[in-house]
Amino acid sequence: MPEPPGTYTLTTDAGEKTCSIGHSGMGKAAYPNGDIYEGQFVDGKRVGKGSYRYINGDVFEGTFADNKKTGLGRLTYAAGGFFHGHFLEGRREGEGTFKYANGDIYSGMWKDGKRHGKGTYVFANAKYAYTGDWKDGFIQQGTWSLTDGTTYVGSFKHQMPCGDAIWQTAKGTVVEGAYVQQVLPLDEDKPKLGAPPATEIRIFWKTAATVAAEDDAAPFGTDSGSRGFQR
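Add 9 to the 1-based position in the sequence shown for the working numbering, that's all there is to it.
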């Protein structure tokens with residue numbers, strides 16, 4: 010990572026300045042922290058089309074209003090991935106697609122920089138997909154689609170199934186039931202001083218009814234099953 014210059018420089022057709030106050034038109038601003046902006050200014054502020062390169066290598070290309078990202082734009086991350094969509098007051102807002110560094114992709118609605126509203130999240134490795142309603146970054150209600158055609162329809166909590174739900178296989182077998190979540194402590198050899206105890210969330214499934222299709226094995230039996238998630 011380059012060393013920040015520690016001073017502000019604005020380069021325009023008229024030459025270099027040490028401040029942007031009163032400048033309107035095109036310019037290139039080098040900020041004390043090492044960030045660089047190239048684009049339009051109005052009365053000394055970033056307004057209109059431009060590109061902003063952060064010192065860490067992230068690059069935003071789009072439009073600005075009152076020095077903040079606004080409207081349609083693209084933010085490409087040096088560590089991998091990108092966001093292409095709408096911004097408001099510098100945050101992701103409205104419709105947009107985020108490809109994360111690990112290859113996961115979320116496409117849908119955003120609010121205050123978080124996944125919020127209708128959207129679909131596809132996991133790159135497992136190829137599973139969550140589709141439904143999101144709030145404050147987490148899925149609340151929707152469908153979990155597996156690669157073999159099996160789907161879960163119901164509610165979520167902590168990004169995991171919770172409450173009444175329906176599983177359906179690709180061949181048409183329908184299993185109705187419910188998930189219950191429990192937070193359980195984890196045994197630690199050396200717990201960290203002052204840190205909250207480590208826990209895992211374990212989910213338990215209970216089948217209520219099954220309507221089996223011909224030549225199909227239901228994904229769950231009538232007994233309860235469980236799965237643990239550490240946090």
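Honestly, the hints are just simulated from the structure, not real lab data. Keep in mind that the hints are not guaranteed to be accurate.
With beta-carbon atoms standing in for the labels, derived distance ranges [said to hold, decoys possible]: (1) K144 / V183: 44 to 50 Å; (2) K136 / T20: 23 to 29 Å; (3) T219 / A133: 50 to 56 Å.
Calculated lysine-lysine pairs in the DSS-like style (CA-CA distance at most 25 Å, straight line) [stated by the list, open to error]: (4) K215 / K201; (5) K108 / K77; (6) K77 / K58; (7) K58 / K136; (8) K180 / K144; (9) K166 / K144; (10) K58 / K26; (11) K26 / K108; (12) K136 / K201; (13) K136 / K77; (14) K54 / K108; (15) K123 / K180; (16) K108 / K120; (17) K166 / K127; (18) K144 / K123; (19) K136 / K123; (20) K26 / K54; (21) K201 / K144.
The beta-carbon is built from N, C-alpha and C at its ideal position, and this holds for glycine as well.
Comparing the hints with the structure gives:
{"no.": "1", "hint": "K144 / V183: 44 to 50 Å", "in the structure": "violated, 27 Å"}
{"no.": "2", "hint": "K136 / T20: 23 to 29 Å", "in the structure": "violated, 48 Å"}
{"no.": "3", "hint": "T219 / A133: 50 to 56 Å", "in the structure": "violated, 33 Å"}
{"no.": "4", "hint": "K215 / K201", "in the structure": "violated, 36 Å"}
{"no.": "5", "hint": "K108 / K77", "in the structure": "holds, 22 Å"}
{"no.": "6", "hint": "K77 / K58", "in the structure": "holds, 11 Å"}
{"no.": "7", "hint": "K58 / K136", "in the structure": "violated, 36 Å"}
{"no.": "8", "hint": "K180 / K144", "in the structure": "violated, 32 Å"}
{"no.": "9", "hint": "K166 / K144", "in the structure": "holds, 11 Å"}
{"no.": "10", "hint": "K58 / K26", "in the structure": "holds, 21 Å"}
{"no.": "11", "hint": "K26 / K108", "in the structure": "violated, 38 Å"}
{"no.": "12", "hint": "K136 / K201", "in the structure": "violated, 36 Å"}
{"no.": "13", "hint": "K136 / K77", "in the structure": "violated, 35 Å"}
{"no.": "14", "hint": "K54 / K108", "in the structure": "violated, 30 Å"}
{"no.": "15", "hint": "K123 / K180", "in the structure": "violated, 36 Å"}
{"no.": "16", "hint": "K108 / K120", "in the structure": "holds, 17 Å"}
{"no.": "17", "hint": "K166 / K127", "in the structure": "holds, 16 Å"}
{"no.": "18", "hint": "K144 / K123", "in the structure": "holds, 8 Å"}
{"no.": "19", "hint": "K136 / K123", "in the structure": "holds, 22 Å"}
{"no.": "20", "hint": "K26 / K54", "in the structure": "holds, 14 Å"}
{"no.": "21", "hint": "K201 / K144", "in the structure": "violated, 32 Å"}
When the structure is compared with the earlier hints, violations turn up for hints 1, 2, 3, 4, 7, 8, 11, 12, 13, 14, 15 and 21 and for no others.
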